[in-house]
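Chemist: Given the coordinates of chain A, work out where chain B should sit on it, guided by the hints.
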Amino acid sequence: MNLFDWIGASLGFILTLLVFSYLIGDNPLFRFAIHLFIGVSAGFAAIIAVYNILLPRLVAPYFSSNRTEQLLALVPIILGALMLTKISPRFAFIGTLPMSYLVGVSAAAAIGGAVLGTLIPQVNASINIFDARSAQVFDASIGLRLVNGVIILIGTIATLAYFHFGKTRSGIQKTQFQAWLEGIGQVGQIFIAITFGFLFAGIFNAALTALIGRVTFVVEFVKSVLQFF
Amino acid sequence: MEEIICPHCGKPNSPSNKFCDYCLGQLKQSDEQISEAEHSEIGIGRDDLSEQTPEEYGPDWLKNLQEEHSVKGEEPIDLGDGLSTPSEMISDWMSGDEEESLTTEAGESPPGEGSQVQPFLPHDGFPEDDGLPDWLDDALLDRSEQDGFEADSRVDPAIEGSEQDALQKDPDATKPSQGKLGELESAGPLAGLKGALSPEPGITRPRKPAAYTTKLRVTATQRAHVDLLASIVEDEGHTKPLPERKAISQRHVLRWVITIILLIAISWPIVTSSQQMPFPAYEEVSAEVSRLVSQLNGNSPVLFVFDYEPGLTAEFDAATTPVMDHVISRGALLTLVSISPSGPILAERFMGLMQASHEYKSGEQYVNLGYIPGGAAGLVSFFDNPQNTLPYTLDGVPAWETSTNKGLPPLTGINEITDYEMVVLLVDDPDTARTWIEQLSPRINEPDVLTSFVLITSAQLEPIVLPYYDSSPPQVNGLVAGLRGGAVYAQINGNGDIARKYWDAFGMGTFTAALLILVGGLGYYVIPELMRSPQVQRKGK
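Line order of the protein sequences matches chains A and B.
Here the first sequence stands for residues 1 to 229, numbered as in our numbering.
Here the second sequence stands for residues 1001 to 1541, numbered as in our numbering.
Isolated chain B (complex conformation):
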């Protein structure tokens, strides 16, 4: 009995076997499979050809023609076996010579299907390109693309002819990956197995991915904007070296020159103890304070509020000293408070300063109640109930009169803010000043209240608080602003040693500063104009 050698593993098998007993590889390939493989080479299956009617398979013009005939009631064009159509409308190769059934490239006609095969396909493969009509060419091309093949996979007729000869000799040659039969797989999930089928060429040759351009389709303006944005983003990633700073630049020199001039101007009167400049003229706003202080009786309770920063001590010393001196000379009893943490120590320092001319003792003529916490809410609490808000002095001594405590003299009879005859606020901050004015002025502007409210402020605050004084009715009864205000007050009441000591230096400094601003302004605008070349000036004209 003749054995069949397995083309995959090379081992002998029984002739009745279709598959190898050893490697399960296919031993024979049926004719049908061969024919199928041949058709797949050109991208069209035999079944497809046999199942399609001529109406479906033919060109559009042929379909249209057939439809026209059917609409007009004429005899339809028979594109099948009984092909009947005007000869002038159908090519010669579609005529009766082609009525034979379609044969496969292998030269064998499938049994029983010959009559259904399209009559216009040639017997021996496809004719030369010249003989194939365009519509068929396109149809074949489309179908091959639909099946996943590239258009380039169409076989060249010359090559195809030789392959057909080979197929006729050996039908098994149509099997895919025939050359690798029996080889041992070296990689992948099938590694170690013999005769594994390799993928078919149609699958392993995927269509090339469509090539899409990566370039932006934009206008020139958009391109310019894109470039600009890209340059900005790119620049962000780069660190730019800082320009080298000169050790001594023009700005430094200018700063030193101004400082030296100003220092000389203010130092000269201080060194020589010059007191020649006259005090400023009378000002109503400061004189009003003097009038109110003059109305104080002996033992009148006066509240002093110290709410300025230590850096402005010199200015407040000059402005407050004449006022405080005047108040103390009237024999008033003082209460000192603050809503800034540094206020209590500034108050103590200032009272120490006044001890040189007055013997005012803590706890007897004045009392320092310290810091009022809570901002505006704390102020409201202090105005309504000072005993509970600040029960102790800065030294920790109980300040108010109780059943067990006698209380300090300056606080005798004080139950609310309107029990004070005068409230003097020393302030340099606009917000603090506004808080005090807003909380206090509505209480003291009542008809039956006699409390007066005066401010001693830094010069920088004068423009902000002046409207409260100028308003009608006034929310603030008097104002002493800065060194100038202190000098005015000292001129009215005397005792302005500090203001007198500073006044000449202040006058010289102000005059020098005004001169520097004038010269600097002229230099800024005039010098560049003079530095311009005559040509540029002429062009400008």
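One chain only, chain A, in its complex shape:
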């Protein structure tokens, strides 16, 4: 381990202990570590923006001999300059043009992706569970697949029923349909509870692995220090 590795490991060890100091409550040491992380992240993001976006796309084209590249580079420069007018309330309306362009393109990409990438494929997948022709192998797994499909169907309908917030016309007496809907909604509540339990277990596993990573680092650092002495 060279000198720079030692300095880096020592800083990492100290910062890890500062973050662990939150166990005794919010304190200046913990806040110092958090502010340091936020500052480093913001600084790194700014560096990435300058070296990965601004310089190669706005400046570099003018050092090349390609005339087309130079002309095309004018477009982001002009749009970026128009966007800067948003700083002044008086000239903010000028920045509406690049802003509307950004919002329109982003919305189109997001909506198109949601429909074609999630909504339609997931609906098809839910239907295809009951499509025996889509099963590539006809064996005992077909029955298991059907059971799985029934559970998914019940879970989907019951969860949707749970989020039904209808009201009777009279406001007092429930209709038979609503009584049914409430009963199915209670089944949906069970599915939702299982889902939340699954999510909680995943979050706990991720946090536990992060803790193990930090404890492993601390233990190894202490071991290396002890070996040094």
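Hints in this document: simulated from the structure, not taken from any laboratory.
Warning: the hint list may mix true and false statements.
Straight-line distance between alpha carbons at most 35 Å, and here's what the computed DSBU-like set of lysine-lysine pairs gives [said to hold, decoys possible]:
| # | chain 1 | residue 1 | chain 2 | residue 2 |
| --- | --- | --- | --- | --- |
| 1 | B | K1240 | B | K1194 |
| 2 | B | K1215 | B | K1194 |
| 3 | B | K1406 | A | K223 |
| 4 | A | K223 | B | K1361 |
| 5 | B | K1215 | B | K1240 |
| 6 | B | K1018 | B | K1194 |
Looking from chain A toward chain B, a few residues come up when the C-beta cut is under 8 Å (computed) [claimed, not checked]:
| # | residue |
| --- | --- |
| 7 | S10 |
| 8 | I14 |
| 9 | L58 |
| 10 | V59 |
| 11 | A110 |
| 12 | A132 |
| 13 | A193 |
| 14 | T195 |
| 15 | I203 |
| 16 | I212 |
| 17 | V219 |
Built from N, CA and C at the ideal position, the CB exists for glycine as well.
Modeler: Relative to the frame of chain A, chain B by itself:
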């Protein structure tokens, strides 16, 4: 020639003057004015009395009687000079004795008007209250109120009699503010002037304003609601002192106890370097990734996307190392990108980690193209035209082949996203994962596309992305989720040093946490039940 002394300024004036030459004050008051003043004392003017006909002035019953007579064709009741009415219907004092003209309180009758004055008013002022009929009393009262006087301004007959005597002696005494004549005004717009007329008593004595109660006329329920609202509004104005927090509370102790137990549980395997716990069993979802990687040929272009936060480095190191090791062992050429600003540096760090076992050089076996700006729109741009979206590497070197540039080997033959044989997404955020899947899966699910798409995710993301893997046709071809996924992959292909190092501590930590949740849950429900006194338990039964 006898001079008249001005009652206002005290200076002598000619007897023919009606007004003072010095102060313009009135020197004499005419009889008419005196009579007017007397009538105004009781709230009724002489002109009013003379102009009103008996029909207008009399009581309702008298009017009705007269109307009945006129309807029946009988001779109308004469309430004027020729007063003719049944004696039983008219009071005695209204009889012929009262035919004389109405005289003023000053005792003088206005010339030429005697015959028109109401016959039922007395000569010498008003009689005692007992002698005045109610309807007249009310009529006088109403008229006095209409003239702006209070009902209380009616003069007591006894006092009135004495005033009448005084008026007879000195008519000028009826002038208002007589006592202040000649005085110098000390305030107001007329300050400094002498003999300014003071306002008349009728004007200076305004009627009392009607008294309206300020209390709410509400029911008891409404009153309760009003009080409640008032108390709420009042409470808002008061600052409530925060309850004193104990330096060491029960919650702190509980937190420390749980932390110590958990730290001991995970530290012990790490300190002792224990690796006794078996790896998890085979999982199809992770094995599918292994199969796809095994199909890669030498120099196959593979795109790695680093989109996770630095805080989850340990988990992604454990999950990604076996997969990356497997990919590198197949001789694939790597392209690294990210749509989060911290992604490029994480990618560089991870490749540095892999240098311990593989000599993969930047620009030769792998290339880091850095950060893709623009979110979903940026992804679409990168998928369709990667050369223009990310023209340079993270080091600022031109990455793609042009007429003047040879281009880097990992990017040779790459014109769009489907030119990669595999796309590996390392992600911890649900939104980022969904954006990648939504934009990429429709492109790679085309019949002639051979690109496979696998995910390496944090364990917290597994429930969210699993439906994309389970769907038919699958939108994601394989999944390695968290430390467990990495351990499964390492068990299949080996080279899982990090996963192996963490696995015992992970097992102990998970077991301890489950135990704490169980004990805590039991304690939360059982201990309060046991703490209840027997009496309360009996009551409950």
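Chemist: Quick one, are K1215(B) and K1240(B) close enough, alpha carbons at most 35 Å?
Modeler: 31 Å, holds
Chemist: Using the nearest Cβ pair, does A193(A) come within less than 8 Å of chain B?
Modeler: 13 Å, violated
Chemist: Could you check if A110(A) really has its C-beta closer than 8 Å to a C-beta on chain B?
Modeler: 5 Å, holds
Chemist: Min Cβ distance, L58(A) to chain B: is it shorter than 8 Å?
Modeler: 12 Å, violated
Chemist: K1018(B) and K1194(B) were given as a pair; does the straight-line alpha-carbon distance stay at or below 35 Å?
Modeler: 18 Å, holds
Chemist: Need the status of pair K223(A), K1361(B): alpha-carbon distance at most 35 Å?
Modeler: OK: K223(A) and K1361(B) at ~32 Å, within 35 Å.
Chemist: For the hint on S10(A), just tell me whether its beta-carbon gets within less than 8 Å of chain B.
Modeler: 18 Å, violated
Chemist: Given the hint that K1240(B) pairs with K1194(B), does the C-alpha gap stay at or below 35 Å?
Modeler: 66 Å, violated
Chemist: Straight-line Cα separation of K1215(B) and K1194(B) no greater than 35 Å?
Modeler: 49 Å, violated
Chemist: Verify the interface restraint on A132(A): the C-beta must sit less than 8 Å from at least one C-beta of chain B.
Modeler: Violated. Min distance 12 Å.
Chemist: Mind checking the alpha carbons of K1406(B) and K223(A) for me, to see if they're no more than 35 Å apart?
Modeler: Violated, at roughly 49 Å.
Chemist: Take the shortest C-beta to C-beta distance between I203(A) and chain B; is it under 8 Å?
Modeler: 4 Å, holds
Checked against the numbered hints above, the structure breaks hints 1, 2, 3, 7, 8, 9, 10, 12 and 13 and satisfies the rest.
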